[in-house]
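Student: With the hints as constraints, model all of the structure from the sequences given.
So the protein lines, in turn, are chains Z and G. The opening residue of the first sequence carries number 1 in our numbering; numbering runs sequentially from there. The opening residue of the second sequence carries number 1 in our numbering; numbering runs sequentially from there.
Since the hints were derived computationally from the structure, they do not count as laboratory data. It is possible that part of the hints are untrue.
[What the hints assert, rightly or not] In silico DMTMM-like pairs for lysine to aspartate or glutamate, Cα to Cα no more than 25 angstroms straight-line:
| no. | chain 1 | residue 1 | chain 2 | residue 2 |
| --- | --- | --- | --- | --- |
| 1 | G | 91 | Z | 66 |
| 2 | G | 27 | G | 57 |
| 3 | Z | 70 | G | 113 |
| 4 | Z | 70 | G | 81 |
| 5 | Z | 111 | Z | 82 |
| 6 | G | 182 | G | 96 |
| 7 | G | 182 | G | 169 |
| 8 | G | 128 | G | 96 |
| 9 | Z | 111 | G | 30 |
| 10 | Z | 111 | G | 49 |
| 11 | G | 27 | Z | 105 |
| 12 | G | 128 | G | 178 |
| 13 | G | 128 | G | 169 |
| 14 | Z | 41 | Z | 82 |
| 15 | G | 128 | G | 113 |
| 16 | Z | 70 | G | 83 |
| 17 | Z | 70 | G | 86 |
| 18 | G | 182 | G | 90 |
| 19 | G | 91 | G | 178 |
| 20 | Z | 70 | G | 122 |
| 21 | Z | 111 | G | 42 |
| 22 | G | 27 | Z | 40 |
| 23 | Z | 70 | G | 85 |
| 24 | G | 91 | G | 113 |
| 25 | G | 128 | G | 183 |
[As the list claims (entries may be wrong)] Computed far set for chain G versus chain Z, every beta-carbon distance over 12 angstroms:
| no. | residue |
| --- | --- |
| 26 | 107 |
| 27 | 176 |
| 28 | 181 |
| 29 | 183 |
| 30 | 184 |
| 31 | 188 |
[To be verified] Facing chain G, according to a computed beta carbon distance under 8 angstroms, are these residues of chain Z, among others:
| no. | residue |
| --- | --- |
| 32 | 31 |
| 33 | 59 |
| 34 | 65 |
| 35 | 114 |
Quick reminder that beta carbons are idealized off the backbone N, C-alpha and C, glycines included.
The lines below spell out each chain.
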Amino acid sequence: MIRRLHALLGAPLLVGVLAIGHSLESRAEYADVVLNRNSEKEGMRPVVFPHWFHRIRFRCKVCHAELGFKMRAGSNLVTMGDIIDGRFCGACHNGEIAWAPENCDLCHSGKPGLPPGIFGGHETNGPGIW
Amino acid sequence: MPHRKFLSAFAILCASIATAHSGNWTKLSEDGVHDPRGPAIELLQYPGDALSNLPSDTAGNEVDWIRALRAGVIQPRPSIDPDREDRRLDKDIYLDLYGSMPSVRFPHLAHTEWLDCSNCHDHLFLPKRGANNISMFLILQGQQCGVCHGAVAFPLTECSRCHSVPNHEAQRIVAAIEAAEKEKQAGASDGAVKRRDAGTAGPRKDSPNAGKQQ
Numbered sequence: 001m002i003r004r005l006h007a008l009l010g011a012p013l014l015v016g017v018l019a020i021g022h023s024l025e026s027r028a029e030y031a032d033v034v035l036n037r038n039s040e041k042e043g044m045r046p047v048v049f050p051h052w053f054h055r056i057r058f059r060c061k062v063c064h065a066e067l068g069f070k071m072r073a074g075s076n077l078v079t080m081g082d083i084i085d086g087r088f089c090g091a092c093h094n095g096e097i098a099w100a101p102e103n104c105d106l107c108h109s110g111k112p113g114l115p116p117g118i119f120g121g122h123e124t125n126g127p128g129i130w
Numbered sequence: 001m002p003h004r005k006f007l008s009a010f011a012i013l014c015a016s017i018a019t020a021h022s023g024n025w026t027k028l029s030e031d032g033v034h035d036p037r038g039p040a041i042e043l044l045q046y047p048g049d050a051l052s053n054l055p056s057d058t059a060g061n062e063v064d065w066i067r068a069l070r071a072g073v074i075q076p077r078p079s080i081d082p083d084r085e086d087r088r089l090d091k092d093i094y095l096d097l098y099g100s101m102p103s104v105r106f107p108h109l110a111h112t113e114w115l116d117c118s119n120c121h122d123h124l125f126l127p128k129r130g131a132n133n134i135s136m137f138l139i140l141q142g143q144q145c146g147v148c149h150g151a152v153a154f155p156l157t158e159c160s161r162c163h164s165v166p167n168h169e170a171q172r173i174v175a176a177i178e179a180a181e182k183e184k185q186a187g188a189s190d191g192a193v194k195r196r197d198a199g200t201a202g203p204r205k206d207s208p209n210a211g212k213q214q
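Tutor: This is how it looks when you write it as structure tokens:
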């Protein structure tokens, strides 16, 4: 009887805990990158970089060989100075190929407080240093 | 009952059509990385709007990116600088020939369609068979293949996409490649000996290599 009571009380509790865990978990699109080494220190939202949007338009080699982005989230210190001078994002985000850097909020669209890193679904969780 | 069988088959068919391109993309306002109160939230594209039109897959972005590229559904630029060389290599490498899993076929072509040689060589992989201690432990830690697979390329849950060739078949292919390489080397060194001989004896007009000495 007591065991049955435990089961009756335990099941909703377990469901509740799982639901809270699920809502806290990021459901970002696979390979979304958050850049936040400088953003919040400088009073802006973190940047969300969606890989999926960019790879429809550019092959990996464009950013990772030609423009010099290292293939490890957090290893590229990108400043607005770089971008305005046409380096990194600024090679395209110049008002010609893609929107110009004046559109601050389009890139600085992240949730405040997010750590820099790569996000995106259950597949990227688990052991890893991304 | 035959009609009951028919009905259940019809239901399965309907379900598979409905789920084929439905995807599992989250609204930006609910994805946990975008600020739902930010001014861009209504302006930025919802992943499903773009990705649902591309060849579907079961993992990662739920897009088969290679198929999308090869079918021309997407035409991503290979460079910003129009003079930059778009290097390709069509060469399969067979790995893990004696493991408990099927062997790995690494297709350079699919990789160089997206990436440049310098993205992997030589800091991640030496360009020599057997010279890289590739291990699933390191890959799961985000090293080696795991720099991309599990982060941006198809995830590490998709074992059989890499481990795709029966060991005996991979061993046969590699043995054939090595034999061909040996033959080529032997041919090259034979040629070198002949050239050296020709050199010491002086060029002979009747030698088949005579013309090549110049």
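Student: It remains to establish, for every hint, whether it holds in the given structure.
Tutor: Do the hints match the structure? See the list:
Taken as a hint, the residue 91 (chain G) and residue 66 (chain Z) pair is honoured in the structure, with Cα atoms around 23 angstroms apart against an allowance of 25 angstroms. Distance check on the hinted pair: residue 27 (chain G) and residue 57 (chain G) sit about 19 angstroms apart at the alpha-carbon level, within 25 angstroms; holds. Distance restraint check for residue 70 (chain Z) and residue 113 (chain G): the Cα-Cα separation of roughly 19 angstroms lies within the 25 angstroms cut-off, and the hinted pair is therefore satisfied. For the proposed pair residue 70 (chain Z) and residue 81 (chain G), the alpha carbon gap of about 19 angstroms is at most 25 angstroms, so the pair holds.
A hinted pair counts as satisfied when its Cα atoms are at most 25 angstroms apart, and residue 111 (chain Z) with residue 82 (chain Z) qualifies at roughly 23 angstroms. For the proposed pair residue 182 (chain G) and residue 96 (chain G), the alpha carbon gap of about 21 angstroms is at most 25 angstroms, so the pair holds. The straight-line distance between the Cα atoms of residue 182 (chain G) and residue 169 (chain G) is roughly 20 angstroms, inside the 25 angstroms bound, and the hint therefore holds. Note on residue 128 (chain G) and residue 96 (chain G): the hinted pairing holds, with a Cα-Cα distance of about 14 angstroms set against a maximum of 25 angstroms.
In summary, the hint linking residue 111 (chain Z) to residue 30 (chain G) is supported, as the alpha carbons are separated by about 11 angstroms, within the 25 angstroms threshold. Annotation: proposed proximity of residue 111 (chain Z) to residue 49 (chain G) holds, straight-line Cα distance about 22 angstroms (limit 25 angstroms). Distance hint between residue 27 (chain G) and residue 105 (chain Z) is fulfilled; the C-alpha atoms sit about 18 angstroms from each other, no more than 25 angstroms. For the hint pairing residue 128 (chain G) with residue 178 (chain G), the CA-to-CA distance comes to about 12 angstroms; that is within 25 angstroms, so the pair holds.
The straight-line distance between the Cα atoms of residue 128 (chain G) and residue 169 (chain G) is roughly 21 angstroms, inside the 25 angstroms bound, and the hint therefore holds. Taking the CA atoms of residue 41 (chain Z) and residue 82 (chain Z), the gap is near 17 angstroms; set against the 25 angstroms cutoff, the hint holds. At most 25 angstroms may separate the alpha-carbon atoms for a hinted pair to count; residue 128 (chain G) and residue 113 (chain G) meet this at roughly 21 angstroms. Our distance criterion of 25 angstroms between C-alpha atoms is met by residue 70 (chain Z) and residue 83 (chain G), whose separation comes to about 22 angstroms.
About 19 angstroms separates the Cα atoms of residue 70 (chain Z) and residue 86 (chain G), which keeps this hinted pair within 25 angstroms; it holds. A hinted pair counts as satisfied when its Cα atoms are at most 25 angstroms apart, and residue 182 (chain G) with residue 90 (chain G) qualifies at roughly 21 angstroms. About 14 angstroms separates the Cα atoms of residue 91 (chain G) and residue 178 (chain G), which keeps this hinted pair within 25 angstroms; it holds. Only pairs whose Cα atoms come within 25 angstroms are accepted, and residue 70 (chain Z) paired with residue 122 (chain G) is accepted, the gap being roughly 14 angstroms.
Taking the CA atoms of residue 111 (chain Z) and residue 42 (chain G), the gap is near 15 angstroms; set against the 25 angstroms cutoff, the hint holds. For a cut-off of 25 angstroms, the pair hint linking residue 27 (chain G) to residue 40 (chain Z) stands: about 24 angstroms separates their Cα positions. A hinted pair counts as satisfied when its Cα atoms are at most 25 angstroms apart, and residue 70 (chain Z) with residue 85 (chain G) qualifies at roughly 20 angstroms. A C-alpha spacing of about 12 angstroms is found between residue 91 (chain G) and residue 113 (chain G), which places the hinted pair at or below 25 angstroms, so the restraint holds.
For the hint linking residue 128 (chain G) to residue 183 (chain G), the alpha-carbon distance of about 18 angstroms falls within 25 angstroms, and the restraint holds. Residue-level check passed: residue 107 (chain G) sits 15 angstroms from the nearest beta carbon of chain Z, beyond 12 angstroms. The beta carbon of residue 176 (chain G) sits about 31 angstroms from the closest Cβ of chain Z, which is more than 12 angstroms, so the claim that it is off the interface holds. Every C-beta of chain Z lies more than 12 angstroms from that of residue 181 (chain G), the closest at about 29 angstroms, which supports listing it as non-interface.
Against chain Z, the non-interface label of residue 183 (chain G) holds: every CB pair exceeds 12 angstroms, the least being about 35 angstroms. At roughly 30 angstroms, the least C-beta separation between residue 184 (chain G) and chain Z is larger than 12 angstroms, which holds for a residue marked as non-interface. No Cβ of chain Z approaches the Cβ of residue 188 (chain G) within 12 angstroms, the least distance being about 32 angstroms, so the stated non-interface status holds. At about 4 angstroms, the closest approach between the beta carbon of residue 31 (chain Z) and any beta carbon in chain G falls short of 8 angstroms, and the interface hint on this residue holds.
Interface restraint check for residue 59 (chain Z): the shortest CB-CB distance to chain G comes to about 5 angstroms, inside 8 angstroms, so the restraint holds. Checking residue 65 (chain Z) against chain G: minimum C-beta separation of about 4 angstroms stays under 8 angstroms; hint holds. Checking residue 114 (chain Z) against chain G: minimum C-beta separation of about 6 angstroms stays under 8 angstroms; hint holds.
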